[in-house]
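**Q** Letter by letter, the chains look like this.
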Amino acid sequence: MKQFTSNPFYKFILFPIGQMAVFIFGASLALSVLIILLAYIFRSTITSNFDLVERTLLILPQVLINGITIGFVYATIALGYTMVYGVLEFINFSHSEIFMVGGIVGVELMAYFDHTGALETMNQYVVIAMAVLLAMIISGTLAVTIERIAYKPLRNAPRLVPLISAIGMSFFLQDAVRLILSLTTGEFNVILPNFGTFDEFLVLSVPGIEAPLRFQIKSILLIGVAVVMLVGLNFLVNGTKIGKAIRAVAQDRPSASLMGINVNLIISITFLVGGALGGAAGVLFALKVTRLDPFVGFFPGLKAFTAAVLGGIGNLTGALLGGLVLGLLESFGASYLSIFTNGAFGAEYKDILAFAVLILVLILRPSGLLGQTVAQKA
Amino acid sequence: MKRLSTLLSVLVLASMVLAACGGGATPTAAPATEMPATEAPATEMPATEAPATEMPATEAPAVIGSGTIKIATQSPLSGGQSLLGVAIKQGAELGLEQLGGDLKAMGFDVQLAPYDDQATPDVGVANAKNIVADSEILCGVGHLNSGVMIPSSEEYHTAGLAFVSPANTNPVVTTRGYLEVNRVVGRDDVQAPAAEEYAFTTLGAKTVYVIHDKTAYGQGVAEFFRTAAEEDGIEVVAFEGTEETSNFDAIVTPLVAANPDVVFFAGIYNQAGVFFKQAREGGYEGTFLGTDGMDSSDLAELAGDALTAGGGMAYTTVAGPVSAYPKAATFATDYEAKFGALPEAYAAQAYDSMGVCLTAIKNAAEAAGGTPTRTQVAEAIRALTYEGLTSTIAFDDIGDLPTAKYFIIKVNANSADTWNTNEIIDSFDLPSPGQ
Amino acid sequence: MKTFFTELFKKVNKGPWPLIITLGLLLVGTITVYQSPRSLTAFLTLMLCPLMLYFLQINSKVKIFIGLLLVIVIIPVLGIRNIFYLEVIFQMAVFAALALGLNIVIGMAGLLDLGYVAFYAVGAYTWAIFGSKQLSLLHSIPGAAPAGAAFALAPEWFWLFLFIGVGLAALAGILLGLPVLRLRGDYLAIVTLGFGEVIRVLALNLDKPINLTNGPQGITPIQRPPLPPDFVLDPIRQLLAPVVGHAVTDGQLYNVFFYFLALIVILVAILVARRLEDSKIGRAWTAIREDETAAIAMGIPLVRLKLAAFAAGASFAGCMGVLYGANRTFVSPETFSFLQSIGVLTMVILGGLGSIPGVIFGAAAVVLLNIQILQNFSLYLSELRQGDTVIPIINFAWKNLSNQLDPAKYQKLVFGIILIVMMIYRPSGLIPAERRQRELAEEIE
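Residue numbers (our numbering), protein chains in the order written: chain F, 719 to 1096; chain D, -7 to 427; chain E, 2 to 446.
In short, the hints are calculated from the structure, not lab data. Take these hints with a grain of salt, some might be off.
[Said to hold, decoys possible] Label-pair distances were calculated between CB atoms; the ranges are:
(1) E:LYS62 / F:GLY904: 52 to 62 Å
(2) E:MET299 / F:LEU1082: 22 to 32 Å
(3) F:GLU838 / D:ASP94: 39 to 49 Å
(4) D:GLU277 / E:ARG183: 32 to 42 Å
(5) F:TYR843 / E:PRO222: 32 to 42 Å
(6) D:SER419 / F:THR834: 40 to 50 Å
(7) F:ILE754 / E:PRO222: 43 to 53 Å
(8) D:ALA316 / F:ASN912: 26 to 36 Å
(9) D:SER419 / F:LEU897: 37 to 47 Å
Every residue gets a Cβ at the ideal spot worked out from N, C-alpha and C, and that includes glycine.
All chains, please: the whole structure from these sequences, using the hints.
**A** The following block contains the structure:
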């Protein structure tokens, strides 16, 4: 057994993927059962002329797919929040803008290729890979720069001070990007050029389910890239020396420094990695929604933070679980709310669903689903 | 020491502020440089000290008055809807340049005072307060969004400042019966039923899914559409409002499951474009229907093939493409020459609105023998008949056109460059419902 | 450099100089604003007077006299010449009250509240719903109101609703405080942010199943309290007409009326804040802010005091909300966004956490920046765009500058820069509270 689990292939690739699969399956199952139960209970209160249970089952597969897709985006962003919190005990408010910058940079790269005509000739996956890579580099660098400018001078200040500085940086970035966009392209929207086969569907007919399951290629790509990055992060944090240093600094900063770890360097690396993940998430998000603008980071950032708290802040697996659960919750809530309430409440309450979840989690179980209670520091 | 450093920082702040605005002070009627006739607004010298309040009259024949007259515009010049907002401002600008000659001959200096309402009611009202405080502004052209026009016009009404709207279609804009509010386009309580008629008769729709953008305009149009649809026996499968601009998954999934014949989206192009694309990707194959907020080439840029695939897309509008107005041919070429782009929707309407303003001011000035008051201008607007590019304009007693034009346009474009391949399926002149 | 200014300040601050400077500014400011009502520099000159009054050493009786002269006589008269100034000062007063309220929550009690604008919304919508036709439209569709709807209450109820607004907002503060009591700094911030957004989304969407807030279209028209009766107003009108140069309309009188009302409310607010600061409650809040564990050990009832902080802060916002709704005659959910919360936070930070004169100054500075300076800058830019001039060194025609580049919209940039710069270089604010400055200066060194 020992040899089995200490084999690196199992430890760092199979186990995390297995863990993800368990989370997805578990959360999906729980929510599906819940919604079907609710459908049976409320069957008679519906005034529209369709059967509630039938309609619920009809859209269930698609709702699950939507939820998982956006869940992975939230999970990837949440990792940035949770890593910084683990190391510095501090919420990096500007992470949502790092996500946005990464997305815009990636889309601009693709627009550039489109402009020069290279988009026709290059392999679409290569284009995406290049966009993701560029976004990761730029976002990571941006995150480290922000840390140097706005957070490092305040490391010993009372809690309120770096938090406010972070909020200020978030606002500053939103408008700075808007300024740059208006000076260069003159446009407010950043639109993804049309290319490749991403919009097409992989259609699977599963016996027993009425409508065939449609998997959009871009969703599959999104999930694939996210999984690769998550596995990579897991390996970094749990399997390398740098990862050990990060975990040490997160656990006890003074002792880690006494052990000879260069704390400042480790903190910068944490920001770099977190920022890079956020940037990649930005490109994937852009692929999904095809249109970005400078303010697009606010809500996904907030929801990702909720996901991080939901899973247990400071805990990487928790961020993953939290992201998936939140994505699924949001998808279920938004799609089913109007059907269940006869149109009285609809998709417009989707965003505050995340806040409601956050408040409930913080009241009932502040340590999150997987987290341990972090000692209160004064 | 502490007091000193605070005073110091305060003084530094104040001096920075003064320095920054030394170049940014709103100029009062400083002596204007005589501009050549091709450019209308004068370059004002920034006033850093108190200059004289009145400008000496320029030498010209038939001089009636003197001073500066400004015409304000308010529309979204930034943000997601700026394409249409900028078109309004530029149409008005061209109008001022081409039609302002009479007033200039009278001895006035006419200028444009453009404001950006950011499509937000709050900013619109704040700008409105600023506008009414400037006594040189005698007339205004704007807004794009009814939701901004309605509260802002409360300010205009209190100050007696007349506004001519090139684009607002919500009935409430004029049904309040204010003297100061006018529009040169039709209304949603006629437009939405026209759209519904198209859906019912031409498309033969039995089920419709209504979505709006939660603004005064979108919600208003959607409600009128729903009422008309229910009267005709069409089943309104759902009625949803959304502020979402990127990720429409949650709406698309139930929509595809319900599979309505027609999806009616009451909103503006920047939201609609993304939604249509995601709806097509989600598997919806029916027809999209929209109203005048869709009328922008950016819609095709955002939605691409979604507009022509499946059941296609059509929209009603109160402002047809420039090609629909025979008198607007030279306008289109002039606009392109001056601004480097083809005129979007509402540019011609803004041109006409500016013409109405200028003519009214001219009439009122002649009657008053000098600079007219705002109320005189407002009354002159109601009294005149003006031959515009888009129609002959004469307002009824609440500021609507007695009969207005409505168009139904089928979209054939799948990118911004091909936007002018859309075809007008139908057009009618319908009377205004009045109050 | 610093010593030069120190010496200058010392020289200036004694003898007859302070009085001469202040009176000089007053005179120059009044005359220039009278002559050119739209000039920004003139207005700013006039605005320097209150600052001078605060900083310079003048006999306090004289100070009060000059202050009253400025506030009661000069500004209303000048305001009628250009009502926009009354609007600016009204906004300054509103935001000063909001900043004072937030100051209680953050500055005194140390609870970072990022959703403060929710209480403002509660106050505004309270009067909006009851003071307009909304109650008779509860079952109608937004935008399709029947013509014959009646106002729910007579406009005189406004005065009562000022107090009801305070009460309801305080209640909302307590309701917000209850679940978040156990949370500390970072989490508290996010949860309060969430609450702020929840209130905004509710205001935006509560037009079905019953139409309580009329959704995104907002509620309009909202009644204003009636002006004082004619026998009070007529002599004022007759007095003002020759001075101002034209007949005084009711609209302008309303602006003056609201200006005075806002001033009275802000004076009461300052009084209340000052008394709270020096009381047992204020000291208990300071104890909680510094070290919660020690405070509990000292026997301070944590729960009650935190709730009191939320309630007290919220009540300021509630009162101002009612006033704001009546002045604007229109409320819509967009006013109560996260940007506004951060705006108020910026005012508090800029002025000085925990310092009452500081936050008032911060509010005035930020309002001036947003409404006057940035606006004027963009108007100036748009005029440059209409002409043919070019930027000198790089020879770039102003015309080609994108329309998206409009300084009036870059509020977020301004707020962001202010927050970051203040936090790094001067966390205690421009006009700091004494205790705060000592504490923050020590920590950072």
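**Q** So, for every hint listed, does it hold in this structure?
**A** Each hint, compared with the structure:
no. : hint                             : verdict
1   : E:LYS62 / F:GLY904: 52 to 62 Å   : holds, 59 Å
2   : E:MET299 / F:LEU1082: 22 to 32 Å : holds, 30 Å
3   : F:GLU838 / D:ASP94: 39 to 49 Å   : violated, 55 Å
4   : D:GLU277 / E:ARG183: 32 to 42 Å  : violated, 53 Å
5   : F:TYR843 / E:PRO222: 32 to 42 Å  : violated, 59 Å
6   : D:SER419 / F:THR834: 40 to 50 Å  : holds, 42 Å
7   : F:ILE754 / E:PRO222: 43 to 53 Å  : holds, 49 Å
8   : D:ALA316 / F:ASN912: 26 to 36 Å  : holds, 30 Å
9   : D:SER419 / F:LEU897: 37 to 47 Å  : holds, 43 Å
Consistency note: the structure conflicts with the earlier hints numbered 3, 4 and 5.
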